[in-house]
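Taken in order, these protein sequences are the chains called A and B. Read in order, the letters of the first sequence correspond to residues 1 to 113 in my numbering. Read in order, the letters of the second sequence correspond to residues 1 to 113 in my numbering.
Because the hints were derived from the structure by calculation, they are not lab data. By construction, the Cβ of each residue, glycine as well, lies at the ideal position given by its N, Cα and C atoms. Take these hints with a grain of salt, some might be off.
What the hints assert, rightly or not - Some, not all, of what chain B presents toward chain A, calculated at C-beta under 7 Å:
1. P43
2. E101
3. G105
4. Q106
5. G107
Stated by the list, open to error - Partner residues are not named here, just some residues of chain A that face chain B (Cβ under 10 Å, in silico):
6. L51
7. S94
8. F103
Chain residues, written in single-letter form:
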Amino acid sequence: AQSVTQLDSQVPVFEEAPVELRCNYSSSVSVYLFWYVQYPNQGLQLLLKYLSGSTLVKGINGFEAEFNKSQTSFHLRKPSVHISDTAEYFCAVSDLQGNQFYFGTGTSLTVIP
Amino acid sequence: GAGVSQSPRYKVAKRGQDVALRCDPISGHVSLFWYQQALGQGPEFLTYFQNEAQLDKSGLPSDRFFAERPEGSVSTLKIQRTQQEDSAVYLCASSLFRNTEAFFGQGTRLTVV
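Could you build the full structure based on these sequences and the hints that come with them?
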């Protein structure tokens with residue numbers, strides 16, 4: 001089975017500052033990795049995903065993440081955040097069969113004007 | 001429709017009442033997932049369908065929870081004799097095939113009083 005740990009439950013950051021949201025996973029098999037964003041009272045929206053190939057993955061809204069197999073991490077980064085980035089961010093992992101997505105507990109990003 | 005649709009958006013049930021939550025996946029999507037998201041937590045896997053076949057129900061918390069997808073499209077999650085700990089947002093997601101992007105609905109917020 002797989003599991004996901006999001007180390008920071010809340011991250012406040014000033015507008016236009018860079019941000020990194022941390023995600024570590026554990027698995028005995030190869031995995032796919034995902035970051036989802038959830039705005040208030042909304043469903044989850046995919047930001048980006050790592051399936052294979054380049055370890056640096058670019059997603060929507062200027063976000064990117066780097067897959068580090070040796071450190072079993074998939075941290076999410078953005079060089080300059082906007083007020084509209086305030087939301088809950090979830091890291092998720094699935095096995096290669098994709099029968100389940102395991103989610104972390106989420107990181108609440110608050111962008112301060 | 002254009003996205004995954006869930007109904008109702010909000011449901012208040014008295015303890016002991018049965019409820020049925022509906023999910024309309026994106027047309028043509030083979031895979032369908034149900035998740036339970038408690039307040040302040042990440043989504044927890046409940047069950048997975050491939051077309052009409054329920055391939056994994058390991059996440060269903062008790063035998064009061066039952067899901068079906070009889071014609072391989074619309075799915076219903078039924079909870080019998082609801083209890084207060086069932087209060088959560090129930091999310092449905094669908095994907096074209098396994099391990100491709102999962103699209104989430106807005107969820108049904110169930111409150112058991």
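| Honestly, which of those hints from before does the structure not fit? | none
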